[in-house]
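S.K.: Each chain, written out:
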Amino acid sequence: MYYKLVVKENDPIEAVNNFLAGLLRDGVVDALLVPQETPGSKSVVQTLVRSEDALKSANVFAPLLLTNSATSVGRITLDEPKEKIGAVLRSCEIRAAIELAKLKQLNLDNLVIVGVDCLGTYESKVYKGIAEKAQDSKTLTLEYLSNTVGAEAKTSEGAGVRGACQNCAYPNPANCGISINFLGLDVKKEVLIQIYDEIEGLDPEKLDLTVRDEVSAWEAASENCLNKRKKSAEAFIKKTLQETKDISGFTKELEQCRRCYNCRKECPICYCRECIFDSRTFEHNSEQYLNWANRKGRIRMPTDTLLFHLTRMNHMIISCVACGQCISACPNEIPIGKFFKATGAKVQEVFEYEPGRSVDEEIPQSTFKEDEFSEWGESK
Amino acid sequence: MKTVKLEINGREVEVDEGTTVLEAAEKLEIKIPTLCAHKALTPYGACRLCLVEVALKGRVPSVQTSCTYPALDGLKVTTDTERIINARKIMIELMLAKCPDSKVIKELAAEFGVPGGRLKEKKEDCILCGLCTRMCAERMGRSAIGFTGRGLNKKVSSPFGKPNEVCQTCGACDFICPTEKLIFEDVTAYKPEPILDEFNIGLNKRPAVYTLYPQAVPNVATIDEKLCVHMLSGDCGVCKEVCEADAINYDQKEEKIDINAGAVILANGIGVFDANEKAEYGFDRYDNVVTNIQFERFLSSSGPTQGEVVRPSDGKHPEKIAFIQCIGSRDPSCGNEFCSSTCCMASIKEAVIAREHDARIKPTIFYIDIRTFGKDFERYYEDAKNVHGVNFERCMISKIYEKPKSKNVMVKYVDPSGQQKEAEFDMVVLAVGMTDTSKSGELVSKIDIETNEYGFAKVGNRSPGCTTAAGVFVAGTFAEPKDIPETVAEGSSSAALASALLSDSRGSLVVKKEYPPERDISAEEVRIGVFICRCGRNIASVVDVPRVVEFSAKLPGVVFASEFLYSCSKDSLDMIKQYIAEHDLNRVVVASCTPRTHEALFRDTVREAGLNRFLFEMTSLREQVSWVHRDDPVRATEKANELVAMMVAKTRLVNPLKREFSDTVQKAMVLGGGASGMRAALSVAEQGYEVYLVEKEASLGGHLKDLYYNLEDSDTASFLATLIEKVSADDKIHVMMSSKLKETSGFVGNYKSIIGSAGEEKKIEHGVIIVATGAKSYEPEDNEFGYGSSDSVMTQVDLEGRMVKKPEDFSKPQTYVMIQCVGSRDEKRPYCSRICCAHAIKNALKLKAFNEGNEVIVLYRDIRTYGFMEKYYLEAREKGVIFSCYDKEKKPEVRADSGGMMIRHMDRILGKEVMFAPDKLVLSAGISPGDNDELTKILKVPLNQDGFFLDAHAKIRPLDFTADGIFFCGLAHSPRSLTESLMQAQGASIRGVTVLSKEKIEAKAITACVNERVCTGCGLCVTVCPYDAREIDEETRVAQVIDVMCQGCGACAVACPSGATSHKGFTKKEILLMTDVAVGNKKDKG
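Taken in sequence, the protein lines are chains W and S. Numbering of the first sequence is given in my numbering, commencing with residue 1 and proceeding in unit increments. Numbering of the second sequence is given in my numbering, commencing with residue 1 and proceeding in unit increments.
Please note that the accuracy of each hint is not assured.
[What the hints assert, rightly or not] No more than 25 Å apart at the CA atoms, straight line, and that leaves these computed lysine-lysine pairs for BS3-like:
1. S:Lys39 x S:Lys106
2. W:Lys369 x S:Lys937
3. S:Lys937 x W:Lys104
4. W:Lys369 x S:Lys940
5. S:Lys658 x S:Lys512
6. W:Lys104 x S:Lys940
7. S:Lys320 x S:Lys385
8. S:Lys103 x S:Lys316
9. S:Lys513 x S:Lys998
10. S:Lys123 x S:Lys155
11. W:Lys228 x W:Lys346
12. S:Lys385 x S:Lys421
Calculated from the structure, these hints are not laboratory results.
Using the sequences provided together with the hints, build the complete structure.
M.R.: Following this line, the structure appears as structure tokens:
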């Protein structure tokens, strides 16, 4: 069902906050994961709140995503809490959450996902720069949202949204219980709220929602945005594949890798309790290192950097939602995510698999079809 | 005996005094070419190829023939100097000029790079090596041949070149000749008679010492004592000389063994019809007429032509091949009026396989009826026709004759349109059937059982497998012609009957093996013993075994390395145990054939020596090396070294593993209380075990309740009553009526099931499951052949019921039309329902018995009264039942209403349309699968494409599911008769008893295991496990392995992204170390 949320005093943030407060007040959810401005700075981070009073500084539109919250949602829901949890998430977070649910690292049972349309987020450094000049996160967010009718983020020269966002073909959230949409709409006047299934305790009237039948502006703007990004993504993937025709295209970028494993830590899909690269598997004995050095002339120390990235890719590529957090997390700005995006697109295509599309879609690792890949191997 | 030490190519060797240099070199695996040396014959020095340089201390090396030169202390021998190679080349060049066409000399010339052509070619075929003359004189004691002439005129000949009466026609001269000169026929005064290979139906020759066939069990050679020269005259003995394993024992005598048995099972099979009895097909006159069994051998890779299809007359590849069916079957003229049941399928298979071998082959099968009634057989027939291009002609052959020049065979026949035709074939295959043999007659007289009119064992049709003598059972074709799935099932069935008789003494002859206590090796340093197997010449002829031994001995952890001629022989195994004790070995590696066949044996051996059986590893030097790298011995040896190094590296890490056992619940659950289910339950109970018999309806009996008589007699109802009475009276059988299986969990030997009955649930525990849930009668669709439009249109089951319940309705003569294959062999149900032909004939005969004036017309596609049922088909025709054939494409059309009935039928033989206006129309409706979907989900067992349950292997495991501990029988398996169902039920019972009779079930020791600290509980292992052996613990959210279910396939270890699942016996550490060694990262090279 489509509903209209009227925005007063040109402040969509406030209107949405009131709506979210209503969810807590009416007991639609008992706890809510929601982005809020931090008290000390103008940064915006995910917070878990239990009462309407605690979400006063919430800002669900803020163009900043310091971490993919799917992991946090997993932590909160995994032990099957009896209470109902709400989580305000962007599409990349929802898609990661779906993948984690398939891998039993997140529980969807008592979870109400509140999805938000997304025009992309800034790298934290860029955000910091903008925030320094702005009064607070609200003003900078409203500035950023000043062209929602055209479904474009208003950014200044040299301060665009993250690369991953520019190539993201999911501006609208899916697989959620409630969504907050604004593409194609004037956020100073209204926001579109969608309620997908019957949600216990949710009464649209109490939340000041009025039924809306006509959403063609939102649909058209969304599609337009999606097409633009798809095109951009296609070109990006093509270019990346071209660059990495041989392994040197890949290793060249990895020369800067300092083995901090931040990419792994920030990856919502990397769910292993103990990574094999934290185990002693790749600690070799002295003789081994010396032998290698002897044979190859020189070896890079520490060893196995390429192996680390390839192993990680091998492990999670099928579920990679291309949120780009690995890139944002890299202290040396290695665009590691672009290889994942390009490889992921290929691998996912082979298995006709789209991570995050549906929780019922089985992960290819766990399925076996006798007739697949008949073009390779013995049956050829 | 005194020994001498000498050095060959720098390597020292110690041999007995009197050994030749050639033999000493052989001990070192140093190859010296020779054409005239033979182990069983005195050295001769004729061919001069074995030249080597020999030198005693301080002397100048001289060139000598190694086959005649004795090994002396301190002798230095070199076999590969330039001088020697050149000398050998000259010898080869001379021989090549003399015998340019000899295969062996051409090969030698190629090996040594001798081009030839410098000398004038002589085109002879004898190199005067003297092998044949020595063989004849030394081994055969005949001297029927010798050298005559001198110098250039020297040749092998009989005295004065005349046919020699001293010759014993043994053929050894031909056999041993390296240049394949045929000496024998020129010298003997007798007509040689080759020994023909019985297994290949005389298509090729065989020697007097031979193995029966490549798959023979046990696969050992045997001596034909009636033809062996040694057995007849005491001469020869060559086989004993050359057998490296010293396995020949001429003193073995036929033994008579008394066996004290409580039951006898006759599975002696049946004979093959002699094609010569049907002389009109020219089997003995025309070269290119063969039997189907001979043709089968042509198709076999172990057959006389290694799988090449050739014409016997000229060895050429045939294109047009005719198969003629029913030779000696369905033929009262030769006393075999029964159907052999298997030949249709056999010919179709042979035709399809022949085309797979050679796509140019165009097979035509001439037949009367195609009888592909077995499970999935109809589909194969349709595929043969539509996909594989096999041509089928329904007709009788009127004449066949041979074209004298081409030896092609002409076949005259009448085609379906009535036209006389003649076709030319390159080859004709006669599908000869089964027949009794005098052999079984001998057996019958000894055991005192009765036979039927065809000479087969007489078996009661309600008691399959039981002969007329108590305690004597029969299985397989000796009871009736049948295909493999039925023979195998009947094997089990008769075993069950015997098992029931003997259940009190089960296990009384079993001797439990006692092992010494296991040695605790945890504090010991690694001490590995490596044993390299020569496998006779199998490995040693390619791999340099002594070199591998030498290499292995230097590997880290190895304290002892040795070689065996056959590692698996009893004395070698004893030696392994002895070495383990002598050298304190705590781990053992054998490099030999394949773990598939021999791992268990070696594991048991190390266990007997007090080691845990998992302190043993095996690597393959035969399948992986010698068999595949025959052409490159040097690199093959390198590879052997690397494989051993890898396995030694792994073995350093292996630790003892424990075998887990779980108690067996010694009870069975049988699902379905029809004839099959009741018989299976009774059979299990007779064998001494409790049974839960679960029936969904309120009464037992299933379909049998609707049947009143059958072809052979008419006691179906009383049979059913007796069966129900027996089941009800048996206190081992717990009948659960109006009950349904709701849930089953657990594993083989240990199932827990929930049975729902009238809203209540009952939990039962059992060790095995027998599925006998049956099938459904096919209910014709509305107005299918007029069904439902009038009371006069009915199914065979309806007709049977009416005849029994209201016989008065059948007193007046009427006209009946029966239509066969209703709901069978069509697009929706492309299988044959197997029983409907017999059902129709049974009812037709009954109608005729009621009133001879009853007119019965059967419209059919193929009449499938297989086996002994054929006689009722004959009887029906004799009694005036009319059979008329229709095509699938032109089914009879029925117009039926209250006013009457009109059937329009296209008769295939007449080629004309015929109209009938019968009083009654009877539809031979087939069998549909039961509602099996729910059960497949509960038991996690598969269905075949027709909706019946799927067997683990159609031929050799027809009663098993792939899942251990679940078996099935009766109509749930596929359409079949009551007798066949009962037979399967008995068979399924003992398949279950094989599990129940063991008090404990052993789990595999090499299973998956979980590092709980690392496991994230993502469940990928659970989804990939094909054996339901993985689950997530709900509390800890960590994956578990159910050891008894785990088959050790490793799928979970591969799927686990966190590396939490690993595989015992194949740990990451072990595998990584092996790969490191393989790619040379570790210095594990000797």
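S.K.: Take the hints in turn and mark each one as holding or not.
M.R.: To see whether the hints hold, each was checked on the structure:
no. : hint                : result
1   : S:Lys39 x S:Lys106  : 24 Å, holds
2   : W:Lys369 x S:Lys937 : 19 Å, holds
3   : S:Lys937 x W:Lys104 : 24 Å, holds
4   : W:Lys369 x S:Lys940 : 18 Å, holds
5   : S:Lys658 x S:Lys512 : 20 Å, holds
6   : W:Lys104 x S:Lys940 : 24 Å, holds
7   : S:Lys320 x S:Lys385 : 16 Å, holds
8   : S:Lys103 x S:Lys316 : 22 Å, holds
9   : S:Lys513 x S:Lys998 : 16 Å, holds
10  : S:Lys123 x S:Lys155 : 14 Å, holds
11  : W:Lys228 x W:Lys346 : 20 Å, holds
12  : S:Lys385 x S:Lys421 : 21 Å, holds
The structure meets every hint from the earlier list without exception.
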